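K.L.:
In case you want the letters, here they are:
Protein chains: 2
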Amino acid sequence: MKYCSNCAAEVELKIPEGDNRPRYVCPQCGMIHYENPRMVVGCIPVWEEKILICRRAIEPRHGLWTVPAGFMENGETLEQGAMRETEEEAGARVRIERLHAVYSLPQVNQVYVIFLAPMLDGRFEAGLESLECKLVTPAEIPWDEIAFTAIRFSLETYVRSLKTGATCAYTGFLDKNW
Amino acid sequence: MKYCSNCAAEVELKIPEGDNRPRYVCPQCGMIHYENPRMVVGCIPVWEEKILICRRAIEPRHGLWTVPAGFMENGETLEQGAMRETEEEAGARVRIERLHAVYSLPQVNQVYVIFLAPMLDGRFEAGLESLECKLVTPAEIPWDEIAFTAIRFSLETYVRSLKTGATCAYTGFLDKNW
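These protein sequences, in sequence, are chains A and B.
Numbering of the first sequence is given in full-length UniProt numbering, commencing with residue 1 and proceeding in unit increments.
Numbering of the second sequence is given in full-length UniProt numbering, commencing with residue 1 and proceeding in unit increments.
Just chain A, with the same shape it has in the complex:
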């Protein structure tokens, strides 16, 4: 951020009065431009005990595998965002069964929120951001080619939950020293 989005003056990085961390502040109109983490919402879509995964057609991690997930948009709930991403990236319709995983990535200012979501039917189709989509058994998950740490966490905990019968959401975070 270089300029104030409200009045176009050059912003300064400084700690506002009564605050305790640096913000972009406009010296002309006084607006404080807060920056906050963003949410990535998605689903583990399941059909007949298989998981729907997508191979990424875009950077970062082009060619690697993920579950459908993307940035939450204004005006939607977490659940609506997760269903939208599943439709956009994998052409699949799902119902939200439960919250499965919440994972913080403080290094990149992101929080993943992943739902467990049975597919309404067995149909799917790669969207513009996917090279291909396919249904895999837990044993067929390509562990060496998973795109993101938070997706790996979501899939690992899902496979574990199948064995233990656990149904509570898993929480995790990428350690800063990792």
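Be aware that a few hints might be false.
Any copy, or any two copies together, can satisfy a pair, since identical chains are not distinguished.
Straight-line alpha carbon distances no greater than 25 Å define the calculated SDA-like cross-link-like pairs of lysine to any residue that follow [to be verified]:
1. LYS2 <-> PRO16
2. LYS2 <-> HIS33
3. LYS14 <-> GLU73
4. LYS2 <-> THR164
For the record, the hints were derived by calculation from the structure and aren't laboratory data.
All of these numbers come straight from a predicted model, not from anything done at the bench.
Since the structure of chain A is already known, use the hints to place chain B on it.
P.N.:
Using the frame of chain A, we list chain B on its own:
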């Protein structure tokens, strides 16, 4: 948003190529300014079966009661943010026991993430944003003076969980037609 934060040109509201919703786009440098929901992170701090609540010293909802919660900052995990807010608003130190509630407010582009958090000791002190803080039993919760819908949801489900023994996180959202 009126001006590009990257080059100070006047932005336009339009649907970028390959996108499906209007964004603020800079006609000069081409930057797309995405806007996304923000997270409010907090705790239900518990000491000897009592809940620590805070009476707000700031708008909105000045004078009404809440649990310690505030906007998640860049560079922190959900858990770190919840503990920071509890320290700032109520002067209390806690450990995170588990995720308790996740609640979407699409009308205001917010998602609340509330943890259950035993206090490390019985000490607390109202921070700058609180008029007072106090420990209350579930029966003493001032239901008619709760500041926010998501906090009400968190407290109602917490009281219910005490009766049922449930330990999974609750999810909810404010219905758009509510």
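K.L.:
Work down the list of hints and note, for each, if the structure agrees.
P.N.:
Hint-by-hint comparison with the structure:
In the homo-oligomer, the alpha carbons of LYS2 and PRO16 lie at most 25 Å apart both inside one protomer (17 Å) and across protomers (22 Å), since each shortest distance falls under that limit. For a Cα distance limit of 25 Å, the shortest separation of LYS2 from HIS33 qualifies both inside one copy, at 11 Å, and across copies, at 13 Å. When the C-alpha separation of LYS14 and GLU73 is checked against a cutoff of 25 Å, the pair qualifies only between copies, where the shortest distance is 16 Å, while the shortest distance within a copy is 29 Å. In this homomeric assembly, LYS2 and THR164 never come within 25 Å of each other (Cα to Cα): the closest approach is 51 Å inside a single copy and 53 Å across copies.
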